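Please construct the entire structure, taking both the sequences and the accompanying hints into account.
Residues 1 to 334 in the UniProt record's numbering are what the sequence shown spells out, letter by letter.
There is no bait here: all hints are sound.
With a Cα cut of at most 30 Å, we get these calculated DSS-like pairs of lysine-lysine:
#	residue 1	residue 2
1	283	167
2	72	60
3	60	167
4	283	200
5	304	283
6	200	167
7	60	304
8	283	60
9	283	170
10	304	72
11	170	200
12	60	170
13	60	200
14	72	170
15	72	167
16	72	283
Just so you know, these hints were derived from the structure itself, not from any lab. Being a predicted model, the structure only gives us computed values, none of them experimental.
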Amino acid sequence: MLLQPLSQQAAGWRRATMARPRMPPACAAQAHPVMLPNGQPAPEIRLIVTDVDGTLLNSKQELTPRVEAAVKAAAAAGVPLVVATGKARGPWVREVFPRIDMDMPGVFLQGLLVCDGQGGTLWQRPMEDAVVAQCLQLADSYGVTLTAYCGDRILAASLDEHTERLKFYKEPTVEAVGHLSGILGQVPVHKLIFMAPQTKIDEMRPAVEAALAGSASLTTALTGMLEVLPLGASKGSGVAWLLSHLDADASHIMALGDGENDVEMLQLSGLAVAMGNAGPVAKAAAHWVAPRNDEDGVAAAIEKFVLAPRGLSLDSSAAVVASTAHGGAAVSGH
Numbered sequence: 001m002l003l004q005p006l007s008q009q010a011a012g013w014r015r016a017t018m019a020r021p022r023m024p025p026a027c028a029a030q031a032h033p034v035m036l037p038n039g040q041p042a043p044e045i046r047l048i049v050t051d052v053d054g055t056l057l058n059s060k061q062e063l064t065p066r067v068e069a070a071v072k073a074a075a076a077a078g079v080p081l082v083v084a085t086g087k088a089r090g091p092w093v094r095e096v097f098p099r100i101d102m103d104m105p106g107v108f109l110q111g112l113l114v115c116d117g118q119g120g121t122l123w124q125r126p127m128e129d130a131v132v133a134q135c136l137q138l139a140d141s142y143g144v145t146l147t148a149y150c151g152d153r154i155l156a157a158s159l160d161e162h163t164e165r166l167k168f169y170k171e172p173t174v175e176a177v178g179h180l181s182g183i184l185g186q187v188p189v190h191k192l193i194f195m196a197p198q199t200k201i202d203e204m205r206p207a208v209e210a211a212l213a214g215s216a217s218l219t220t221a222l223t224g225m226l227e228v229l230p231l232g233a234s235k236g237s238g239v240a241w242l243l244s245h246l247d248a249d250a251s252h253i254m255a256l257g258d259g260e261n262d263v264e265m266l267q268l269s270g271l272a273v274a275m276g277n278a279g280p281v282a283k284a285a286a287h288w289v290a291p292r293n294d295e296d297g298v299a300a301a302i303e304k305f306v307l308a309p310r311g312l313s314l315d316s317s318a319a320v321v322a323s324t325a326h327g328g329a330a331v332s333g334h
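Written as structure tokens, this is what we have:
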């Protein structure tokens with residue numbers, strides 16, 4: 001059966017009752033605090049929260065060896081990493097998570113779905129059917145593609161050059177199910193994406209904002225896509241839920257991102273890092289701008305704000321060493 005009734009999916013959508021994961025004990029206080037451009041000392045970082053596309057991964061959708069090494073070094077120092085992405089928990093997870101020994105919970109679908117380390121649902125927020133129906137009318141009116149993100153599924157009326165783009169990001173395979181009005185009341189929808197040339201998105205966005213005012217929120221992560229979320233939802237709200245679940249203090253997290261959809265998450269964090277390739281809105285919300293994602297910007301941020309304060313660094317081969325300023329030798333290899 002292509003579309004499962006909501007009653008048959010109940011177990012998959014209920015909040016999990018499994019034991020709450022425990023954060024690692026706090027590391028020793030920073031012996032070598034780092035100063036921010038505003039002259040204030042950076043907070044002690046105990047948790048890293050990162051966007052995926054344009055941030056953790058480079059423009060070829062690759063996790064580079066240096067970023068991999070930095071993430072592992074941070075974890076070894078007691079500072080784990082969690083992802084907060086607009087993506088579904090799709091095929092990309094199987095490629096990335098094993099390389100960084102990822103077993104922490106994560107935030108997916110722009111903060112609308114929080115999963116445990118094995119992919120089980122911890123918390124989720126679907127859209128109201130009335131908003132979905134309104135978006136269907138808008139998509140029909142403007143003649144644009146509309147995709148529905150439903151947990152780990154992506155549904156569309158038919159496949160076209162726009163849905164084809166999602167393959168590059170290693171999202172779940174888009175399912176062509178006919179007009180999406182057929183899923184109303186049958187399949188929970190977390191978010192919708194209007195997909196079209198960017199000129200068309202720019203043309204229609206003001207009208208979509210007006211039509212959905214007071215009933216939904218809009219954001220954008222990639223060109224040619226306009227995302228519709230439940231009202232007030234954002235990565236920030238999903239991260240806030242996860243921090244509460246982990247008993248983690250937002251003032252001690254470092255958040256990294258590059259897009260408009262990362263702003264609330266950056267504003268929530270004690271240390272906000274925008275990538276060098278980030279848009280102006282994300283950079284305006286940041287305490288520090290890292291190198292681009294194609295220049296291992298995540299690794300640079302981890303080295304600067306997690307490893308260096310603990311007297312550690314990565315050498316040219318991405319091995320973890322005690323910083324020479326503190327007279328150490330290699331601690332662990334890559």
